[in-house]
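> Here the protein sequences come in this chain order: A and B.
Just add 367 to wherever you are in the first sequence, counting from 1, and you've got our numbering.
Just add 367 to wherever you are in the second sequence, counting from 1, and you've got our numbering.
Hints are computed from structural coordinates only; laboratory data are not their basis.
Misleading hints may appear alongside valid ones.
Since the list gives no way to pick out one identical chain from another, each pair is judged satisfied if it fits inside one copy or across any two copies.
Straight-line distance between alpha carbons at most 20 Å, and here's what the computed SDA-like set of lysine to any residue pairs gives [said to hold, decoys possible]:
id: 1; residue 1: LYS394; residue 2: ALA455
id: 2; residue 1: LYS394; residue 2: ILE517
id: 3; residue 1: LYS440; residue 2: LEU450
id: 4; residue 1: LYS394; residue 2: TYR407
id: 5; residue 1: LYS440; residue 2: ILE522
id: 6; residue 1: LYS394; residue 2: GLU505
id: 7; residue 1: LYS394; residue 2: GLU471
id: 8; residue 1: LYS440; residue 2: ARG542
id: 9; residue 1: LYS394; residue 2: GLU449
id: 10; residue 1: LYS394; residue 2: GLY451
id: 11; residue 1: LYS440; residue 2: PRO395
id: 12; residue 1: LYS440; residue 2: GLY380
2 protein chains.
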Amino acid sequence: MQRSPIRHCRECGSPVVYRLPDDGDNKPRAVCTACTTIHYENPLNVVGTVPFWGEDGRQVLLCLRNIEPRRGKWTLPAGFMELGETTAEGARRETSEEAGASIEIGPLFTLMNVSRVGQVHMYYLARLLNDRFDPGHETIEARLFTEDEIPWDEIAFRTVRETLECYFSDRRQGRLGFHTIDVG
Amino acid sequence: MQRSPIRHCRECGSPVVYRLPDDGDNKPRAVCTACTTIHYENPLNVVGTVPFWGEDGRQVLLCLRNIEPRRGKWTLPAGFMELGETTAEGARRETSEEAGASIEIGPLFTLMNVSRVGQVHMYYLARLLNDRFDPGHETIEARLFTEDEIPWDEIAFRTVRETLECYFSDRRQGRLGFHTIDVG
Numbered sequence: 368m369q370r371s372p373i374r375h376c377r378e379c380g381s382p383v384v385y386r387l388p389d390d391g392d393n394k395p396r397a398v399c400t401a402c403t404t405i406h407y408e409n410p411l412n413v414v415g416t417v418p419f420w421g422e423d424g425r426q427v428l429l430c431l432r433n434i435e436p437r438r439g440k441w442t443l444p445a446g447f448m449e450l451g452e453t454t455a456e457g458a459r460r461e462t463s464e465e466a467g468a469s470i471e472i473g474p475l476f477t478l479m480n481v482s483r484v485g486q487v488h489m490y491y492l493a494r495l496l497n498d499r500f501d502p503g504h505e506t507i508e509a510r511l512f513t514e515d516e517i518p519w520d521e522i523a524f525r526t527v528r529e530t531l532e533c534y535f536s537d538r539r540q541g542r543l544g545f546h547t548i549d550v551g
Numbered sequence: 368m369q370r371s372p373i374r375h376c377r378e379c380g381s382p383v384v385y386r387l388p389d390d391g392d393n394k395p396r397a398v399c400t401a402c403t404t405i406h407y408e409n410p411l412n413v414v415g416t417v418p419f420w421g422e423d424g425r426q427v428l429l430c431l432r433n434i435e436p437r438r439g440k441w442t443l444p445a446g447f448m449e450l451g452e453t454t455a456e457g458a459r460r461e462t463s464e465e466a467g468a469s470i471e472i473g474p475l476f477t478l479m480n481v482s483r484v485g486q487v488h489m490y491y492l493a494r495l496l497n498d499r500f501d502p503g504h505e506t507i508e509a510r511l512f513t514e515d516e517i518p519w520d521e522i523a524f525r526t527v528r529e530t531l532e533c534y535f536s537d538r539r540q541g542r543l544g545f546h547t548i549d550v551g
């Protein structure tokens, strides 16, 4: 998601201009030409889970996207964090909305910077409580994959691929860690 | 920071109303009454460091705030993450801006949800390369404190106190970990 520039003031509706504010700030901001309100634009968090199942967590749950971007590609359940929730609560909500999966949420597993698009992606480990799924309208199909079955060329986002690679690599080494990655 | 409601559309300047959008979303959003643009509001990231110095990192660098909120209280260097930077780059920038400190940035140390105000705070460990500081206009004074010297009743934010407590506790145990905390 590349963001479009702000055109009008959220307070009074007048046009804004991008300029250095008068408060000593060293970055251009959208400043209202009428009421001088400064509008800040900041990175967004995307939160999700790695839902696992079976002996030694050998299967993970992926969702076939029914919405753009990347409709028809596979993803871990994830979405934009909302006001009023924690990162873990957001991850749980997305897992429920996109996969209808029941989980016991675990520790944070990956934190990835996608600075090119102004996003931070965070994935939590999540033990599936059963293997019955009930995907919402954003998902065509939700199913379990072993490492060998993962459709690596059909993964929707690089952060999902990175997280899956970390997951199976950690499983082989017998210890799930915490990974910070700059995706660029 | 409690955020004020959006009043006008950033695209066309017309008034917005808070309502359920027509796309199946289940949360009220600010929707433009003229062009129907939907305006999302999401949590913000605050990024900073725990700059340490001396044998076994026994001293940490705190900054006496020269700006509101909490002017005259002590904080770790931190501020809002900006577009175009990673969490670690933002933490480094804030450490430079607020303390003028030279650091070697280390791993992520704390990730704290402050869902009441829609914020996620992240602190990185940072080894100070020297003990000369050059605080910017946001800081009255930057100085090193041992655990015994920390002005616990004069700490600006709860996330700073939590991070400092984790730091000294981990140091006593001889191992710096990664901590996720819900501050409420």
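> Hints numbered earlier in the text: which of these fail when held up against the supplied structure?
Hints 2, 3, 7, 8, 11 and 12 contradicted; others consistent.
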